[in-house]
Amino acid sequence: MTYAKAVADGIWAANAAKVGYIPSVTVAPIIKALVASDGGSDGVSPRVTPLSREEEAIGVLGAFALTGALGAVVMQDNGFGNALTALTTFPLSYHLPLLIFANARGGLGEYNSMIHSISQPVPAVLRAFGVPVVELDRRNDVDDWRDTVREAGVHAVMTYRPVVVLGSFWNTDGMVA
Amino acid sequence: MRRIEALEVLAELCGRHPVVVTCAATSRELAAVRDGDNHFYLLDAMGLVGSVATGLALGLDPDRPKVVGIEGDGSLLMNPNVLPTGGYLAPANLLLVLLDNGVYGSTGALPTYSSRVDVEALAAAAGWTTRSTDTADGLRTAFADLLDVDEPAFLHVRIEPGNAPDVAKLLLDPVSLRDRFARWLREDHLAAGRNS
Ligand SMILES: [Mg+2]
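These protein sequence lines map, in sequence, to chains G and D. The opening residue of the first sequence carries number 1 in this note's numbering; numbering runs sequentially from there. The opening residue of the second sequence carries number 1 in this note's numbering; numbering runs sequentially from there.
Okay, chain G solo, but in the shape it has when bound:
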């Protein structure tokens, strides 16, 4: 199993009804795995769809909780700047479960000379807003990635709020960027 497949399996194991994603080269293998296991192709399947920006992903997938289902968002951590107002004023304020997996940038293995400016403070920023954050990296094996993503979704449902899993792919079988 690859780390990307582990994330995809964890999202389905959390019982996500719908997944929206904002693309990055790092999340592309996760999307491929999600789509393949959902009978789709070319980045789209019955339960998986591209979206064009992070705040709309929070709105579209957060709304699933109103129907009693769990929505999931797959994105890159530099998009949390776009997502924060929607995240805090919609699912966080209305106590709506939402599972968010974001790949972490700006750390070990990073080539880009500025992305750390947004990505490195993301865990602290999210925690300052009261959003639970779970961090994964090379020290966790693939089974732990899958189980952690699944349990983060369960935790979101149990605690009626968005939960973020940040995964750093450096020194895994995946790509940092």
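Just so you know, the hints here were simulated from the structure itself, not pulled from any lab data. Built from N, CA and C at the ideal position, the CB exists for glycine as well. Hints may contain errors.
Said to hold, decoys possible - Below, a sample of chain D positions facing chain G; criterion: calculated Cβ distance under 8 Å:
{"id": "1", "residue": "Ser51"}
{"id": "2", "residue": "Asn79"}
{"id": "3", "residue": "Val82"}
{"id": "4", "residue": "Thr85"}
{"id": "5", "residue": "Tyr104"}
{"id": "6", "residue": "Gly108"}
{"id": "7", "residue": "Thr129"}
{"id": "8", "residue": "Leu170"}
{"id": "9", "residue": "Pro174"}
{"id": "10", "residue": "Leu177"}
{"id": "11", "residue": "Arg183"}
Keeping the supplied structure of chain G fixed, place chain D with the ligand upon it in accordance with the hints.
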């Protein structure tokens, strides 16, 4: 037509529909005209009505009454992605009503783009079926027309600038709004579908 007059018509038309309503004066005036468990007020988050309504439409039974979003021009123009995203995902059970007064009505009546940008044409270009009106009767007719289309529907309603006087602020706990709306969806909207 003033906003509150358009909302009086919409409140009457939307009794069986899940309704997602934009923040501030629009939510406040709709709640003053008629409150209901089927109304989901977004108390902040400008621009999110179309996204939330799209998600709801995707998550609900498409054979039940359509999800209605009530949005303002300033708010839609803060997140115009709603139009291409709705057109791309194309839920047939989505009707977005745009109350367009040309200004950010809740924030000092500063201008939006809508005097120079044709938002109805933007919606049409993104794949929505559109209608427009500036009268109460036109609103009733266009709303009824758009309930029959099998793709996302966009109703552009030109209204006068200005807020209704002496309408109380909406000081509700968002969690209580979520509870009553989710219960209405579960026990009324979806249950009626199962029984029909
Ligand atoms: Mg306006």
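Going down the list of hints, with the structure as the test:
Here the hint on D:Ser51 is kept, as its CB sits about 3 Å from the closest CB of chain G, short of 8 Å. Taking 8 Å as the C-beta contact cut-off toward chain G, the hint placing D:Asn79 at the interface holds, the least distance being around 6 Å. Given the 8 Å rule on beta carbons, the hint for D:Val82 holds: about 7 Å separates it from the nearest Cβ of chain G. Interface restraint check for D:Thr85: the shortest CB-CB distance to chain G comes to about 6 Å, inside 8 Å, so the restraint holds.
At a threshold of 8 Å, the smallest CB-CB gap from D:Tyr104 to chain G is about 16 Å, leaving the interface hint violated. Because the closest C-beta pair between D:Gly108 and chain G is about 20 Å apart, greater than 8 Å, the hint is violated. Hint status for D:Thr129: violated, given a least beta-carbon distance of 20 Å to chain G, over 8 Å. At about 14 Å, the closest approach between the beta carbon of D:Leu170 and any beta carbon in chain G exceeds 8 Å, and the interface hint on this residue is violated.
Among the interface hints, the one on D:Pro174 holds; its C-beta lies about 4 Å from the nearest C-beta in chain G, closer than the 8 Å criterion. Interface hint status for D:Leu177: upheld, as the beta-carbon distance to the closest one in chain G is roughly 7 Å, under 8 Å. The closest approach between the C-beta of D:Arg183 and any C-beta of chain G is roughly 10 Å, which is over the 8 Å cut-off, so the hint fails.
Of the numbered hints listed earlier, those contradicted by the structure are 5, 6, 7, 8 and 11.
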